[in-house]
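For this one, chain A is given, so just place chains B, C and D on it according to the hints.
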Amino acid sequence: MDSPSRTFERLTLPGKVIFTLVPILIALLAGLVMAIVLVGPFALDFLSANLPLVRFVVAATVVLLMTVPTAFLIIYMEMKVIALMNLRYGPDRVGPYGSLLSVVHGLKVLMKEDFTPTGADGIVFTWAPVVVYMASVMTLLVLPFAPGIFGVDMNIGLLYFFAMGGLGVVGLLMAGWSSFNKYSLIGGLRSAAQVVSYEIPLTLSVVGIVLLSGTLSLNKITLDQSGSLFDWYVFKQPLAFLIFMIAATAEANRTPFDLTEADSEIVAGFATEYSGMRFGFFFFAEYVNVFIVSGLAVALFMGGWNAPFDWPFPIVAQPDLAGMGVGLLLAIGLIPPLAILLLAMPFYLLNTGLRFWQALVIGFVLFNVVAVAALLGFAFISFDWVVGLLWFLMKTYGFVFLFVWMRGTLPRVRIDQLMGFAWKWLLPAALLNLFVTALAIVLVTTPR
Amino acid sequence: MDRALKRRLEARFGDRLLGPIRQRHDETEIRVAPGDVPEVMRALHDEPEFRFEALMDLCGVDTGSVMQTVYHLWSETTPDWLRVVADGLSRDDPRVPSVTFLWKGAEWQEREAYDMFGIAFEGNRDLRRIYMPPDYTSFPLRKDFFLPDDAARSPGGGVRHIEQAHAPSNATVDAQVRKAPTS
Amino acid sequence: MSADLTTARHASSDDPRVMLEEAVGVFAPIPPYPPRTEREAEFYTLGDGEMFINMGPQHPSTHGVLRVVLKIEGERVVDLDPVLGYLHRGVEKLCENADYHHTIAYTDPLEYVSALFNEWAPVMAFEKLMDVEVPRRAEYIRVLSGELNRIASHALFMGWMALDLGGLTPILWSFIERDEIVDMLASLTGQRMLFNYFRIGGVNGDLNHEFMSRLGAWMSKATSQIEANQALLNENEIFVRRMRGLGTLDREAAFRLCMTGPNIRASGVPLDMRRAHPYSVYPDLEFDIPTRQEGDCLARYLVRLDEVKQSIRIIDQCLHDMPDGPIMAKLPRLMRPRPGRAYAAVEGPRGQYATYAISDGTDQPFRMRIHDPSFVHLQAVGLLTSGNLIADTMAIMASLDPIMGGVDK
Amino acid sequence: MSLIPGLGLARGMALTLRRFFEPKVTHLYPEIPAEISPKFRGRLQLLYDEYGTLKCETCFQCAQACPIECIDMGGEDTKGRFAVHWGASETYGERREESALRRSGRTVPDPAYEHFHEIDLAPVDAILDEVDHDPKEMLRILEAIQAAYGCVPVAALKRVSQTTGAWYAMLYGTATYYDHLAVGARDDGGPADVAFLDALDGALTGRSIGDGSAADA
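The listed protein sequences derive, respectively, from chains A, B, C and D.
So the first sequence is numbered by my numbering: it starts at 1 and just counts up by one.
So the second sequence is numbered by my numbering: it starts at 1 and just counts up by one.
So the third sequence is numbered by my numbering: it starts at 1 and just counts up by one.
So the fourth sequence is numbered by my numbering: it starts at 1 and just counts up by one.
For reference, chain A alone in the conformation it holds in the complex:
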């Protein structure tokens, strides 16, 4: 007789996996069932009593998870777009058209040594990237992506947004101060001066919108712009839009205002001494900042998730699923096999070299593609938020492209020009815009 260990060793690899996993899965499932039975009712009661909290936790998790692919996408976009403008090909080896290169970058950053330089203030040095990253992630919470798709509809959303955006400077200052490096120090101080200066025209430029819409909630401001294309605030507040874009570029530390990490002057600014995933956090935060600044511009000026024009052919598909009864079951059971067969047939008949099961696999893949497309189309037609999200992302990435495009074109400004521009030009212009807007509102709304 073989001992149990010998028996296990004689199994194939899939056998071993199944043999190991099945008991574990059964145990976990049993535990889950037990947990649901025991604490389920209380948990449900608790959750239903605190729905806003649940919403917040879910939103925070989603937002935190969302930042990573967003940053990856924007990093790839930046590499590729600037490369194409430079008449290069850019990334083209990893993945289709090099699209996985930023993922590889992320992995590389994870694997690199994460060291603290001699003489640095360890605690501040370690927490600085976290502060920067959290500041940019927390701003995402109030961004209205689509009707009903937002973290929290705060009535002081805009204020919260700017407050959290300003918090990032603290992290940059911490990084600059704790790195024990003069380049980092200069970078940190530059970022403090720059962000604090540009915060003022940035905030003042949107006060006109607040006056027009009468609310600070980003969701309500977006709703206020629904209707036609000309309800967008960019047409009512063009000067404010210009000021906002310039100031937002400075807020996000992007070219031509990327003085905090001016590589030709102060090596990498506050990030000079950082390596590994700490640097990765700075890196991610920068690109998430680009995304949220673009998102804010869209929400405030470009109508948020509102479509620029009405869909000319209104299709309303509201299939009465419950009314179909047994037919639904039949449809679910019959349509997939029939469709797979139908899609597989041409390949099997036309290509004699193909076995039947191979044709079936092709058919299955094709069916999945078709089904997903159909589902998306159905969602697009029947749910508002899918359309809204699509429009929002399209506009936002349009702005991201604009930022990348500017980076590919413009040289950097000097620090005195930067500050002079903020205080001598942008601030008076923002005040003028605010004054004119207020005057117009008073003139229009005052009963004659």
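Hints may be right or wrong, so weigh each one.
Stated by the list, open to error - According to the in silico footprint, chain C covers these stretches of chain B (three or more CB under 8 Å from chain C):
1. 10 to 20
2. 28 to 35
3. 50 to 59
4. 74 to 88
5. 96 to 109
If you are wondering where the hints come from, they were derived from the structure by calculation, not from laboratory data.
Note that this is a predicted model, so its numbers are computed, not measured.
Backbone N, C-alpha and C fix where the C-beta goes; we use that ideal spot for every residue, glycine too.
What follows is chains B, C and D alone, placed relative to chain A:
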């Protein structure tokens, strides 16, 4: 060759020149004593018949017996280069007045000549080594300097690191001092 | 920051902050020996609120391995002290130990951006020593390839200028421009960068079909391509505002600083060796010497752009006037010029490249002085920068266009 | 700068956007190898024939021609085959070991020849000037030297080698091959081996060799 320039130079500096003015191709060469360099240079720079405004090159030369500093000047008044050679600096303690009072740009060239030949330019505010490390002791372009890794000259010595400091006045080194190449 | 980095070490040796700085082993720019000169003592003494910052030798925008110690007060540069020698190879000494032909291979990599001019000056000096008459065809080929190299060098200058000001794109467009020229020269000379093409008494090889076809294809589009690229910077408000009025040098100061080349021409002095001391076949060619009166960084940039157009004119004339004939003078195999001295200067893309050669009658030069314009121009950075901002240091340094290979020799 | 502020920036942005759609110029290197001009002087490689035999005959002509002595034929590659040592001129610029110098055909001050008498080289120079330092006239030069001195002194051979650029070994071989040329006969007596040992001793203790009179400069 600009004969008129030669006449002008002879008329102006006749007694100060060491030896005759030589001319070859588009070059005119005068030799002066090191002490006369400031006056001669100022005259060449300021006086309207010369107006040698641009100092094109400044270098040191070790002839094996004496040191020289060589200045190449350019002027709009003549198509020739004017070469002023401050001749006869002693090899043990070469000293020559600096021309930085006329050309600020000569500062680094004088530093280079100091670094390579040990010529002290009196009046240069910043006369320190420019290429070699500060703790370097010898002057590489002198003719008694030998390449430390020159195995042909140092039997059994092998290849030494080129940055190794060594003093040419050292007794063991003296035996291998390289003389000026001759025909 | 844990330790106060703004403390000078000379201040007091028992200062705990200084001791900490030494204990953690952080590199301090203050030299560990007593000051050697008046100027060094003055520079390495900190005033109130000033600090040193050490830039290079591994800094992204010091054009090689230059180290600059900046004394700054906030963002303002009070003074700076360039430290050279990180790329010093002792080429002059090596040339004294090589025979006349071999020196060309040593002077070639001095300034790797415009290697042909580094060959041209010594070759001309040796020809003077030997009293060699260079065939006219060889002179035309030299001028042709030299002007091509000048355009390649200026193209790179434009890109670097923009890169030091933070623009990412122009450097890559410049490299496209340069690549075409460099490929062309590779088919003429056999190498892309360190050509080793000029010989005493002529050139290494005659024009060939591949070179001519590449040159023809490039000439047909060169002007339009260069002008298209310029639109990115010349009209850019950010670029122009940063460059205008920065680092201004007037005529007298330019002469005092021994400037040559485009840097002095930007101050209104039409000093160009090709006209001031005509050599080769330049007297027969028609071209203008572009000058500007302003003397600031923008003028230095624009003068170089204008020079590119003049170079294209010269190339055009060279192609039309190129005579037939030999490309090498008849020379003995081993050169032993009679004792004498020769000074030869050529106008390179950065200024005057000159060689002062002394022959003692042997087959090796007795003394070979190599004059490099970058070396002379780099010392102007300190004068032009003090009082400006850190970012201006880069702009001024880039506008003077030093190449560290030439500076350090 | 244009009159309208921001127009220059907009033109620049338009230019980059146009370049965004233009065809790219990057060489896709591993897929499409670079076009190398027939004149290109690249890395040196020794050729092997189809039987795997080295074609190089070790004639050292390449090493002699190399101006900075970056070619050293003494190398072997990782498979134990002969190879060319090559390197950047900067690294190999300082190669001045005697062997490297001699291989490259350069003049090497050699203590081993010191025991041969210093002779008046003026006749040699006259002969060389007559034939324009042409190494192809080797036999004529050597015969003339034989006629002038009554023998072919080694110092004269060295002189011929230095000035014509001919390899010393070739000269020595030529001179010793012909019976009518007497190489290295000494004027005054004394056993050559003793003098040789003296010279070797001098070389090993690092005695100075040069005949330094100052240059006229």
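To see whether the hints hold, each was checked on the structure:
no. : hint      : result
1   : 10 to 20  : violated (count 0)
2   : 28 to 35  : violated (count 1)
3   : 50 to 59  : holds (count 6)
4   : 74 to 88  : holds (count 5)
5   : 96 to 109 : holds (count 8)
Violated hints, listed in ascending order, are 1, 2; each of the other numbered hints is respected by the structure.
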